[in-house]
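Q: Chain residues, written in single-letter form:
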Amino acid sequence: MSKPQPVLFDIGWNACINCGACVAICPQEAGFISPFDTIAVDRPCDIACLLCEKICPVDTITHVLVSKSESLES
Amino acid sequence: MRSTTYDLVIIGSGPAGATVSRYAAEAGLSVLLVDKKQELGAPIQCSGAVSRHALEEVGLPLAEEYILEPIYGFAIYDQAGSATRIDYRQLKAEEYGSGSGLKPLGYVVDRRRFDRYCMTLAERAGVQTWLKTEGIGYEPTPDGRCNVRLRRFNEDITISCRVLVGADGLMSQVGKWAGLQTHIKITELAGCLQFIVDKVETDGLLEIVTGHEWAPGGYAWVFPKGHGYAEIGLGVIPTMTDKPARWHLDKFIRQSFFKERFKDCRILEIQGGGVPLAAPLRTQYADNLVLVGDAARHVNPITGGGIHTALSGGKIAAEFLIEHLSGAHASDCSATMLKGYQDEWLAQLGDKMWKLYHTKTKVFHHDDIPTRDAFLYQTMSDYFDPNSEYKKI
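Residue numbers (the working numbering), protein chains in the order written: chain H, 1 to 74; chain U, 1 to 393.
No lab work stands behind these hints: they were computed from the structure. There's no promise every hint is true.
Ranges between beta-carbon positions, derived for each pair [claimed, not checked]:
no.	chain 1	residue 1	chain 2	residue 2	range
1	U	Ala330	H	Asn14	50 to 58 Å
2	H	Pro4	U	Ala328	47 to 55 Å
3	H	Gly12	U	Met240	19 to 27 Å
4	U	Lys132	H	Gly12	42 to 50 Å
5	H	Ala48	U	Glu201	41 to 49 Å
6	H	Lys3	U	Ala63	52 to 60 Å
7	U	Lys263	H	Asn14	21 to 29 Å
8	U	Glu155	H	Pro6	32 to 40 Å
9	U	Asp203	H	Lys3	53 to 61 Å
10	H	Leu50	U	Gly126	44 to 52 Å
11	H	Ile47	U	Asn154	43 to 51 Å
12	H	Ser67	U	Lys132	36 to 44 Å
Now the stretches of chain H that chain U is said to cover, found in silico as 3 or more residues with beta-carbon under 8 Å [claimed, not checked]:
no.	stretch
13	14-21
14	27-35
15	50-56
Don't be surprised by glycine CBs; every beta carbon is placed ideally from N, CA and C.
Next comes chain H alone, as it looks inside the complex (with noise of 0.2 Å):
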């Protein structure tokens, strides 16, 4: 298995109900977290399980690889 590329989590703000479950399956170490209780989407991630996209009750979670994220700003 090829190593998992580090992602960036977007949130649909319009849909996110604050149900916790994303933070709740994240296997990451503490505090990779918003101030809206949902996982961090202000750093990158560098497990990508992606499992938080998969439990979304209301499937309102995406990302990009960092290394389009970078190539995107640039």
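With the hints as your guide, set chain U onto chain H.
A: Coordinates of chain U only, in the frame set by chain H:
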């Protein structure tokens, strides 16, 4: 920067945290209870069903302030709509009912009011309560105590205490601080969604709908919510469907055998949450730290119910801590000593929860959907049976 000391700091003022606090303060311990929210209970991530004896067991008055509707029993449906009705108004008419001298089996509560009520009782028992206060970290100190770092209205505060109690919910950060294995398997966390609705009739029963067709890996429910409202919800296991819970809930409302009953329903609130249908945490303690409630995964793996288990577990934790902190080894709050809490919890509650977990696991080991549906329906019906050995969980 301020520094203060307490016997206990409790992070998270849900039913578990508030219960530990209240008992500890009543026994004379100094307790600080913090919650990062500005109002408790919200956003609601729970259907609010709790048995009467669960409230009585931890000395909570049955107060109108938080009760939305009394419950008298259950109806378990298979996926085609056949039901097992377990109505205590008929089974034990001399004991249960709405008439004078009769009582309900349980209640659906308003979690916003219920959580605040629990905190108020703790506060009145002498607990110092701080809202808008987030836990940042904790470190055991050489004097056998620990420092808990908090942030309250942007102010950094360090508190020294003897034991930190993590009651910070399923997404427990406190457990992670201590390096506890809090990771939950994706096959055991149900993504749940519920609507509070108007114009759906209910009859004092908790209605539970099984079947892969409606809620793969979980179940759907229709609960009375007081004032003529109802809640319709479901939980699904993400690995058993490629659709989100919301899609399944829409389908359940529009296409199930209840579609006629639901056809005029009006949605008044939308709530969701992650509900573990999993085993309790294997290790619920560390140096100067214990976990309670959802944080310790004290959740019934069959029903996903967590209020009763949070209240009872909170009481067990408090009783252990009160005894330990006044005993011969009071100055030693290392993991070795605090293991006693978990042992006590297993003996009183946990061993049964493990057994329930194995029962649930067996159901979902069946790959054939009709077989699994049949087993789940049977398991649920047995679970709620008046003669079930799990009646008090």
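Q: For Ala48 of chain H and Glu201 of chain U, compare the CB-CB distance with the range 41 to 49 Å and indicate the outcome.
A: The hint (41 to 49 Å, Cβ to Cβ) holds, given that Ala48 of chain H and Glu201 of chain U are roughly 47 Å apart.
Q: 52 to 60 Å was suggested as the range; check whether the CB atoms of Lys3 of chain H and Ala63 of chain U agree with it.
A: Given about 56 Å between the Cβ atoms, the range holds.
Q: For the hint 53 to 61 Å, verify it against the beta carbon of Asp203 of chain U and that of Lys3 of chain H.
A: Hint holds: Cβ distance 56 Å, inside 53 to 61 Å.
Q: Per the hint of 21 to 29 Å, is the separation of the Cβ atoms of Lys263 of chain U and Asn14 of chain H within bounds?
A: Roughly 27 Å apart at Cβ, these two residues keep to the hinted range, so it holds.
Q: Within the stretch 27-35 of chain H, is the number of residues with a Cβ closer than 8 Å to a Cβ of chain U three or more?
A: Since 5 is at least three, the answer is holds.
Q: May I ask you to test the hint 43 to 51 Å on the CB atoms belonging to Ile47 of chain H and Asn154 of chain U?
A: Violated, since Ile47 of chain H and Asn154 of chain U (Cβ atoms, about 31 Å apart) do not stay within the stated range.
Q: Apply the coverage criterion to the stretch 50-56 of chain H and chain U: a residue qualifies when its Cβ sits closer than 8 Å to a Cβ of the chain, and three qualifying residues are needed.
A: holds (count 4)
Q: Does the Cβ pair Lys132 of chain U, Gly12 of chain H satisfy 42 to 50 Å?
A: violated (27 Å)
Q: Pro4 of chain H and Ala328 of chain U, beta-carbon distance inside 47 to 55 Å?
A: This hint holds: roughly 51 Å between Cβ atoms.
Q: Quick check on a hinted range of 32 to 40 Å for Glu155 of chain U and Pro6 of chain H, using CB atoms only.
A: holds (34 Å)
Q: So the hint says 44 to 52 Å: do the beta-carbon atoms of Leu50 of chain H and Gly126 of chain U match that?
A: The hint (44 to 52 Å, Cβ to Cβ) holds, given that Leu50 of chain H and Gly126 of chain U are roughly 47 Å apart.
Q: Is it true that Gly12 of chain H and Met240 of chain U lie within 19 to 27 Å of each other by Cβ?
A: At 24 Å between Cβs, range holds.
Consistency note: the structure conflicts with the earlier hints numbered 4 and 11.
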